[in-house]
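Assemble the complex: chain A is given as a structure, and chain B must be docked to it using the hints.
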Amino acid sequence: MGLTIRRCSATFQACRPNVPVDVRMRAAEPVAATLAKDGAAKDGARIEAGNDPGLADGGWRIAAAGRWTLEWATAASDALDRAPKPPGAAAVRLDLAQVEALDTVGAYLLNRLAERLGADGHAVSVAGLRPEHSALFDAVRDAGKAPPHPIEREHHPILDMVVRTGQTTVNAAKEILDLVGFLGLVTVTFARLILRPSRLRLTSVLFHIEQTGLNALPILGLLSFLIGVVLAFQGADQLKRFGAELYVVNLLGISVLREIGILMTAIIVAGRSGSAFTAQIGTMKVNQEVDAIGTMGLDPVELLVVPRALALMITLPLLAFYADVMGLFGGAVMAYATLDITFGQFIRQLHSAVGINTVIAGLIKAPVFALVIAMVGCYEGLKVSGSAESVGIMTTKAVVEGIFLVIVIDAVFSVLFSMLGV
Amino acid sequence: MAGSPVIRVRGLVTRFGPQTVHDGLDLDVERGEVLGVVGGSGTGKSVLLKEILGLIDPAAGRIELLGHDTAELDRAERTALQARTGVLFQNGALFSSMTVAENVMLPLKEHTDLAPALVAEVARVKIAMAGLPPDAGTKHPAQLSGGMIKRAGLARALALDPDILFLDEPTAGLDPIGAAAFDTLIQGLQRSLGLTVFMVTHDLDSLTSICDRIAVLVDKKIRVGTLAQHLADPHPWIHDYFHGPRGRAALDAKERNQARRHEEEDARRLAKG
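So the protein sequences, as listed, match chains A and B.
Residue numbers for the first sequence follow the working numbering, beginning at 59 and rising by one.
Residue numbers for the second sequence follow the working numbering, beginning at 2 and rising by one.
One chain only, chain A, in its complex shape:
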């Protein structure tokens, strides 16, 4: 240790005898020339280190000069790293008299230097600090004393993955339990409202019927029509080979009425209204409006969830019926255009192909889907915490969960219907 330093020191003496070694660092390009403070001299932070001429017994002097500010910080930091180290346990005098400008970063770097030298066993004294810089220098020194925040422990990638998988599983299970609990809460509130119907917010229900039902008609109608067109076209293409073009009506009738009409409706409503419920209630949660409802002796579930759920349970069957009609209409148009099946033929064939049971088998799912979508939307909205980011996360979650549950329940219905032979 001592040897290397002596050698190092000797090298300096060889280079420039009796003169403090100048490791003057020209700072590289400034961060941005426009960032330069008013009247900034275009020379950056410099550092000079060498034997202290003022001290006889091998004292070491480190002199900082120039502008120790943010724009020169990288150069200053490099200069400090490259500056020769003081020998052994020499006392170090940090001379700051030539520092023209000092900001927090510069003060931090100089303090860090003093701290590191102190840790290496040097007695460090700071000299020549200009009075206008001393307050900042002291403030940064005091702030720097706080211990750095604890370094996070080393991560093991495989172990972490196992932990994450476990956490996700547990959270998913909790979520399902919570959702079932929430369903119970809403059911109880519904039951209470049936006993005291005057407490039902009729205006709110009507408002949400308009929002989720009436306003969804254009998009739902168009999409259902197009699905009908596509189904008829694809079906006709296949059935033509067997000369059974007319059976495209059977194909359309069964698939649209039993599955596609209601499924399309539920998915569009989950994306349109489920997300809106989450965002509305979530924003109210962020603004503490939900807390305010609670403190006024009102029930957030009764006030926010029940009207939405009820409105959706009323509108979704109607929307599904509308989607059925539009889907069949799209199919009829396509059948007429490509297969020359007239509307009269289409309706006659439809009568013979599907009974009222098929229509009911589709529409009976609608209130269930409505309840699920409203439930998930409101539940995720009430789970929003604090921030705007949380509203976004929960809204995404509500849509994904809503569509997922709709399809799962649809599959359950299919199994049920086949067991019942409907």
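Source of the hints: derived by calculation from the structure; they are not laboratory data.
Glycine residues also receive a C-beta, built at the ideal position from the N, C-alpha and C atoms.
One should not assume that every hint holds.
[To be verified] Listed next, the in silico DSSO-like pairs over lysine-lysine satisfying Cα-Cα at most 27 Å (straight line): (1) K455/A / K140/B; (2) K455/A / K232/A; (3) K140/B / K441/A; (4) K441/A / K232/A; (5) K232/A / K140/B; (6) K455/A / K441/A; (7) K140/B / K110/B; (8) K110/B / K51/B; (9) K51/B / K221/B.
[Stated by the list, open to error] So, partial list: chain B residues that the calculated Cβ filter (under 8 Å) puts toward chain A: (10) A116; (11) E122; (12) K127; (13) M130.
[Stated by the list, open to error] Every beta carbon over 12 Å from chain B, so not counted as near; a handful from chain A, in silico: (14) E317; (15) I326; (16) I461.
Quick look at chain B alone, frame taken from chain A:
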């Protein structure tokens, strides 16, 4: 350059539809001073702040920031100027998706080419200087109390060592002890960093304790003066503001503090002598 005001507003006119908020407003803020801006609700304090920051364009008038006319700057110059101003918004306006440390590091990463390790260290120092505990850096804003959010916002505003610090009601929503501590913090930072502070506030204690001058927005214009000058102003709103019960209480508190300080100094001098 020296001696010229860091903020110079001339003939500012602000209109929202038919309503005129400022009509020919002039204001100079000198380097290194703490200016408190007060005014009744709807007199356009926050609007003035936003106009100086370039968030709202005034209907007429010139705004010069550090000697540059803000209307004539191109994009790069505006960005450079913005790097020299720090803003603490009323509710902190911390980015909720980032931790406090990341919030403070963001301007450093965007506007400088410091090494990542140095950026992290500087952010830590700023967070400590703003009076936050060391573990606050890893927290998200939603996990902080109101007072801590303000301190974190201040740390972010100071990230680039700005020349001018804008504060929008910094002590609103803080308890009196927290508010006094925040005042002390701002004063300490102002002195050590040599900041110019433009502070919109309703806190009479802040006004009396840390502001060098006070700007009062009345009659769509601004009246700037020291506390003593405003106390002598016969304008009814200014009179009511400073001589109302709350104004009196704040002034009394200031006098008591000063008297106590004098007594302490006297006692010290006696003990020495």
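We went through each hint and held it up to the structure:
1. K455/A / K140/B: Within the cut-off at roughly 24 Å; holds.
2. K455/A / K232/A: Within the cut-off at roughly 15 Å; holds.
3. K140/B / K441/A: 20 Å, holds
4. K441/A / K232/A: Satisfied, since the Cα-Cα distance of roughly 13 Å is no more than 27 Å.
5. K232/A / K140/B: 25 Å, holds
6. K455/A / K441/A: Judged against 27 Å, a Cα distance of about 11 Å means the pair holds.
7. K140/B / K110/B: 19 Å, holds
8. K110/B / K51/B: Holds. K110/B to K51/B sits at ~25 Å (cutoff 27 Å).
9. K51/B / K221/B: The given pair, whose Cα atoms are some 16 Å apart, holds under the 27 Å limit.
10. A116: 7 Å, holds
11. E122: 7 Å, holds
12. K127: 7 Å, holds
13. M130: 4 Å, holds
14. E317: 40 Å, holds
15. I326: 30 Å, holds
16. I461: 25 Å, holds
Comparing the model with each earlier hint shows no violations; every hint is respected.
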